[in-house]
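*Asks:* Letter by letter, the chains look like this.
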Amino acid sequence: MSRTGDDLDRDLADLPPDLRWREWLRRIEAVLFASAAPVAREELGRVVGQGASVDLLIADLAVDLMGRPYEVAKVGAGWMLRTRPAYAPAIRAAAAAEGQALSLSEFDLAVLAAIALHQPVSREGLREIFGRDISRDLIGRLATQDLITTGPREPRRGAPHTFVTTETFLAAFGMESLRDLPDPEQLADAGLAGPSEA
Amino acid sequence: MPNAATTDPGDPASIAPLPGWITSGRGETPEDVAFLSGAALAHLHLVALSPELPQELWRDRLALRAAEASAGFAGRREGQGALRDAAHLTKACDDPGPAGAILRAWTRAVARPISVGPLAKALDGVTPEAIALCLDAAGAPVGRAAAVLEAVLADTPRAETAALILADAALSLALGRKHLLPLLALGLKSRDLRLTGEALQQACHRALVRAAAQAVPMAADLARRAARLRSVAPKLRARGAAKAVEMFLSQDALAPAALPLPDRAARRLCDRLVALGAVRELTGRDTFRLYGV
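Going line by line, the protein sequences match chains A and B. Under the numbering used here, the very last position in the first sequence is 198; numbers go up by exactly one each time. Under the numbering used here, the very last position in the second sequence is 293; numbers go up by exactly one each time.
Looking at chain A on its own, in the form it has when it is part of the complex (with noise of 0.2 Å):
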């Protein structure tokens, strides 16, 4: 599967310097626009010359974007467009993304918590974290949310799965790490509800 688009000019010998680099920039945004997860670096290299530091445009990008509502961020190993927090009480009004909302009870989401913290952890170990079952079913709807996705096997019998988190989940969450989850001490000194100064 090329993805590259064979007939793409990449390297656009025939523009002056100057506009080959802002058509490079173009690019990036409109890869960045149609692309609802994470796009890494290796991907967005493949729409500008050969030589082109994706770093740099990006740089350039977020700089041309200072104005606008919406702005480039870095999620794990790649780069996303997401509006400004400002203008979430303004998009929330106009329930428009409502359909790209998660869409999570508050035991998926705690699971989900349960998961980032403890990962990998397994079935099983949710069970003892949460002292009852946690459905396939719920795991299977974080998975098709592309939140959580099957990490290295438990050393148990009957290997079960273990789960992790994702590039999606911190994407969703306005993580650029998983360093940005409070820690699981300080959780509990809060009694599960304190603000982190991570």
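Rather than coming from a laboratory, the hints here were simulated on the basis of the structure. Heads up, some of the hints might be wrong.
What the hints assert, rightly or not - Cross-link-like lysine-lysine pairs, in silico, DSS-like; alpha carbons within 30 Å at most:
no., chain 1, residue 1, chain 2, residue 2
1, B, 178, B, 121
2, A, 74, B, 91
3, B, 235, B, 121
4, B, 189, A, 74
5, B, 189, B, 178
6, B, 243, B, 91
7, B, 178, B, 235
8, A, 74, B, 121
9, B, 178, B, 243
What the hints assert, rightly or not - Derived, one-sided and incomplete: chain B residues facing chain A with beta-carbon distance under 8 Å:
no., residue
10, 74
11, 75
12, 86
13, 90
14, 92
15, 94
16, 95
17, 100
18, 127
19, 129
20, 155
21, 285
22, 288
We put the beta carbon where it would ideally sit given N, CA and C, even for glycine.
Got chain A; can you put chain B on it based on the hints?
*Replies:* Showing chain B alone in chain A's frame:
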């Protein structure tokens, strides 16, 4: 030379322990500290030349320790056992999880000769340009490594693993090594990573002495175990046993399923090697066992 007695003088290939004055020296001034780390690095250089030492295995096991330390710096609690499990129980299509990813980065970084391409593959999210810059750092070995560490952490304060891998890569290159030898990660402490300039360089010197105090005994131990494994190798008649021995001599741990033998034969071979005292079972479990020299 109180340590001379512990070296077998009849065996020129045996690995000499680190002279006691290097690790017990109360070097407090910057000159003392730098002198001791220089002595430790010079000794490591000789150790690394030993023909008895299984180099790849040594690097791989140091990578495991470095990964354990890196996981700690990242606020995770996985020990060596959990890291090994993450590496060996993750199928190709699955995600190794955050700690497994740290070990994977280290393992990949030590497996191939140091260069931009393989390091870019090992370090998700670090640009090839940034890696090239780190590898081109100038100056004396420890100064270079400290500069790389500081530069990467200034840019991305949470990328401890990447920073340590690149710093150790810069150090290994400066010492004329083709492959990355994980050292700084073994010796540095969490608070050292927040230091800069002269203070960070001092911390790196101290870390290298501590790291050598781990790496040299490990090398001696591995050389002895490898000699044992090589000596029993001719007794193994299973098809694929020679290749399996080679794998044990280059990797920290292996699941029987990873050996180039049918399942039952692989398990029998592992049991036999354990019985012969040539490899150890590393997990203490009855199932999902992992074996290593």
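*Asks:* Hint validation: residue 95(B) versus chain A, beta carbon distance must be below 8 Å. Holds or violated?
*Replies:* holds, 5 Å
*Asks:* Holds or violated: the hint that residue 74(B) contacts chain A, with Cβ atoms closer than 8 Å.
*Replies:* Status holds, d = 7 Å.
*Asks:* When you check the alpha-carbon spacing of residue 178(B) and residue 121(B), does it fall within 30 Å?
*Replies:* holds, 18 Å
*Asks:* Using 8 Å as the Cβ threshold, decide whether residue 90(B) counts as touching chain A.
*Replies:* Hint on residue 90(B): holds, closest Cβ of chain A at ~4 Å, below 8 Å.
*Asks:* Tell me if the interface restraint on residue 94(B) is satisfied: Cβ within less than 8 Å of some Cβ in chain A.
*Replies:* holds, 5 Å
*Asks:* Can residue 129(B) be said to touch chain A, with a Cβ gap under 8 Å?
*Replies:* With a closest approach of 6 Å, the residue 129(B) hint holds.
*Asks:* Holds or violated: is there a CB of chain A closer than 8 Å to the CB of residue 100(B)?
*Replies:* holds, 6 Å
*Asks:* Against chain A, is residue 92(B) within 8 Å by beta-carbon distance?
*Replies:* violated, 12 Å
*Asks:* Is the straight-line distance between the alpha-carbon of residue 74(A) and that of residue 91(B) 30 Å or less?
*Replies:* Between residue 74(A) and residue 91(B) the Cα gap is close to 28 Å, so the pair holds against 30 Å.
*Asks:* Any CB of chain A closer than 8 Å to the CB of residue 75(B)?
*Replies:* Because about 7 Å separates residue 75(B) from the closest Cβ in chain A, which is inside the 8 Å limit, the hint holds.
*Asks:* Please work out if residue 74(A) and residue 121(B) have their alpha carbons no farther apart than 30 Å.
*Replies:* holds, 19 Å
*Asks:* For the pair we were handed, residue 178(B) and residue 235(B), check the Cα-Cα distance against 30 Å.
*Replies:* Since the Cα atoms of residue 178(B) and residue 235(B) sit roughly 34 Å apart, the hinted pair is violated (cutoff 30 Å).
Of the hints listed earlier, those the structure fails to meet are numbers 3, 7, 14, 20, in rising order.
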